[in-house]
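If you want the building blocks of each chain, they are given just below.
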Amino acid sequence: MQLPILSILVFFPVLGAVLLAFLDRKNHKLLKQVTLGISLLEFLFSLPLWFRFDSQTAAMQFVERCNWLPQYGISYYVGIDGFSLLLIMLSTFLTPLCVLATWTDIQHRVKEFMICLLTLIAGMLGVFVSLDLFLFYVFWEVMLIPMYLLIGIWGNPARRIYAAIKFFLFTMFGSVLMLVAILVLYFYHGKVTGVYTFDLLKMYSLSVPFNMQFWMFLAFGLAFAIKVPMFPFHTWLPDAHTEAPTVGSVILAAVLLKMGTYGFLRFNMPMFPQAAHYFVPLFSILAVIGIVYGALVSMVQKDLKRLVAFSSVSHLGFVMLGLFTFTMPGVQGGIIQMINHGLSTGALFLIVGMIYERRHTRMIADFGGLSTPMPIYAAIFMIVTLSSIGLPGLNGFVGEFLILLGAFKTNPIYATVAATGVIFAACYMLWMFQRVMFGEVTNEKNKELQDLSCREIAIFVPLLLFIVWIGVYPNTFLSKTKATTENFVALMEKAKTTQVSLSHGDKGVAR
Amino acid sequence: MTLTIPSFNLASIGPWITLSVFAIAILLADALSPKGNRAAAPILALVGLAVAGFQTYSLWGRTGMDFARMVYVDNFSFFFYLIFILGTALTVLISLQYLKDYGKNLAEYYALLLFATVGMMLMAAGAHLIMIFLGLEIMSIAVYVLAGLFREDARSNEAALKYLILGAFSSAFLLFGMAMLYGAAGGTLFLSDLAARLAGDTLLKPLTLLAIALLLVGFGFKVASVPFHMWTPDVYEGAPTSVTAFMAVGVKAAAFAAFARVFFLAFPAFQPDWQIVLWVLAVATMTLGNIVAIAQTNIKRMLAYSSIAHAGYLLVAIIAANQLGAVSLMYYLLAYTLMNLGAFGVVILVGRKKDSYLSIYDYSGLGAQHPALAAAMALFMFALAGIPPTAGFVGKFYIFSAAVQAGYIWLAIIGVMNSVVSVYYYLRITVFMYMKPPEADLGPVDFAPALTATLLITAVGVLLIGVFPGFIYNLAMNSVKVFPGL
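Residue numbers (my numbering), protein chains in the order written: chain A, 1 to 511; chain B, 1001 to 1486.
Treat the hints with care, since some could be wrong.
[To be verified] Reference listing, derived: stretches of chain A covered by chain B, where coverage requires no fewer than 3 residues with Cβ under 8 angstroms from a Cβ of chain B: (1) 143-156; (2) 162-168; (3) 204-210.
Simulated from the structure, these hints should not be mistaken for lab results. Ideal Cβ placement from N, Cα and C applies to all residues, glycine included.
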């Protein structure tokens, strides 16, 4: 019998959280060490996924299934393909780094913090492995609570509560409509096939009439678009990012936002392919607006963290643009860009967090000439900045290049406008870097700044390793998703030519 | 003339008899025991409830009617019996210390709780409208008295009086409706006969519709549906907290049991008519309850408006009028009993002696001072808001699936939107508990064993039936077979 790796991955952090609940709350060091141990173990557990993953097939792997509420067609059904594999690896890889980053950052209510962190990880992994719509929805919502607490309790004192509630309500607003859509789909599946099930793969094979696809796509799409976040649903993001503690921002940017883009790939597009084709212009235009708008707004930010937050809107715009090309390079690029964004933006938030920890300010104007007192910091910051801009040889380039390649094939106009986003990115990132790092040290307080400690460097080393790895040899990662992407592209291609009925006959008037 | 006494089986109303006997025993024991010694009453009450629970368990699976077709003996009633018994038992547990602090740990209190429970059972099992009315009155009169238990307290008095006057008024509506129905149906009030008698006669349709409307007013009052909800905030706020908890779960569940039974069994022919009215009522109830709850600063008042909102969700289950709807109604009421009693238990604990701290601001910093208590409250709040993996989520999930199945997609959308609104005020409690520093030292929390046990039971229950809803679902599915029309 095969080990249930996915279940272990999802529930091990929960177990860890329970264990933490019994530890002495005053012993911060022990709490942090135990959490670090748990997260390292979690990463180890996830390694077999990477090595035993069969990249030749697009089928679900490591599948586990057992009945949960059979009367209702609900089962505990998990499995992964190439899309989920990379995101799971990203999550388990970042967790230990996040724990390390809390070492000095989090000083009060450490126990609760670690419990929240671990349940958050569990919820996110649950989202990436679920193949049952009900199960997926449960994880999708469960993960809100720890994130809400992370922002609300350990965030920036001034506006943390506002940001936490805004985050919760925005996400909830989108997801409840998705719940209704899931239910409509469930009953439709039951009516058409006679089988009442929440099984996602069965939903794929369902031919949904166009008029229903239209609404379903919008309902699911709203939930995911808020999460991504796509323009104009992005307004929660700068607040949440700015107010969250450093680690909260890292996880938010690196993994949470990916749940939105992943949702499009896993649910929206394959379940409602005709509607997806129909909505390409709308979503591509929104993505392009997001790219340019995010970049322009980043440029005028005075607060480092807010700048990075808005740059996320821009980067995620690229991902969405890539996914909506439904071409091999576009989708591959979109996926690799998700990982890139996780690494680069995660690293950027860590960088901002570390300087904040030293100076208790994030205002660009308060800095200047930091490269003199902090040379190591400056070097790391430089590499990450370049990676975020998309310098060839680093990871960002690969993703953006593939996305633009895909986009040029399908619609050169979107691609052209999006490409300006790359230029803007260079502007705001380099300009920011220049203002913070170069020149004379103008502020007295900055003269005595400590450079990075060994622990802090240790956090960045693995990140930098992968930033370069993806930049130099992306094939390690692209090969894992190739089969899944090919299957996805073929499915979308086929859907373009298949006709579905406009609307089903006896739909009944929605009352 | 000969008088025939119809044959009957006392066992089919076993739980009623047990509870009545125990209630009387409590009163007698109190009269006979030396003054000041009242330890026996709550224990007797709990024993009585346990026996009644066991009887219900052994009755499970029986079908049919008894007492000259006056009483339904079926799983639908039994399921509700269990909800009532659970609700009352938990109420007894949260009352002990609370009443002691007030010096009101009276035997009458427990006797009245049991009598009210008997009334609720009559409502759930009544096969004749008069039986339902009797049950309603038995329950209501006991609750009127309970609401005014703190007779030195002006607010408790206000609550009791308000509830009594408005309650009597609504009972009159209910009776008037029954009278008209009697006329329209040609002289019968048996639920099983009504459907056939009422269908088909177009001449009498206006009269029947009027009767249905009047019944709706009566039930609407008891479940606290808009626009018959006016009493709820004041009564919930003024009544002793333990009684408020009892009203919020028990009275509501009983009213919904009768409501569902009458409307599903007697008025299937008029479904389109009452569905449209209930649609409007449900939307108004959810929306008003949730929106006004946002503005509340008194926790009991907030929970009162939240209870109005929950009545709105439950109305959706009735509107759906399908098997899933009935199942969701039962599941939700059970879940609601657990989460709401849990929440009220926390309210009593945080209120400390004599309800001293009922403002939501008094929850500031609770997360740091009493992590376990705060965690329990957070759990109940998330459950009430309908966030997985709690029973509240599964309940909402069932209700809205029933609505979608019946084609009420817009109603489901309005419902889920409402739960987003509700998230705001439930979250606010967690904001105070975890994200704000304590405003003042409120003194120690007195963790009475019975109360702590209640919190433990409800918290575990909320999670357990939230993660493994299958068992309850099966029971409920089994129970709704009594409605062949669904």
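Which numbered hints are broken by the structure, listed smallest first?
3
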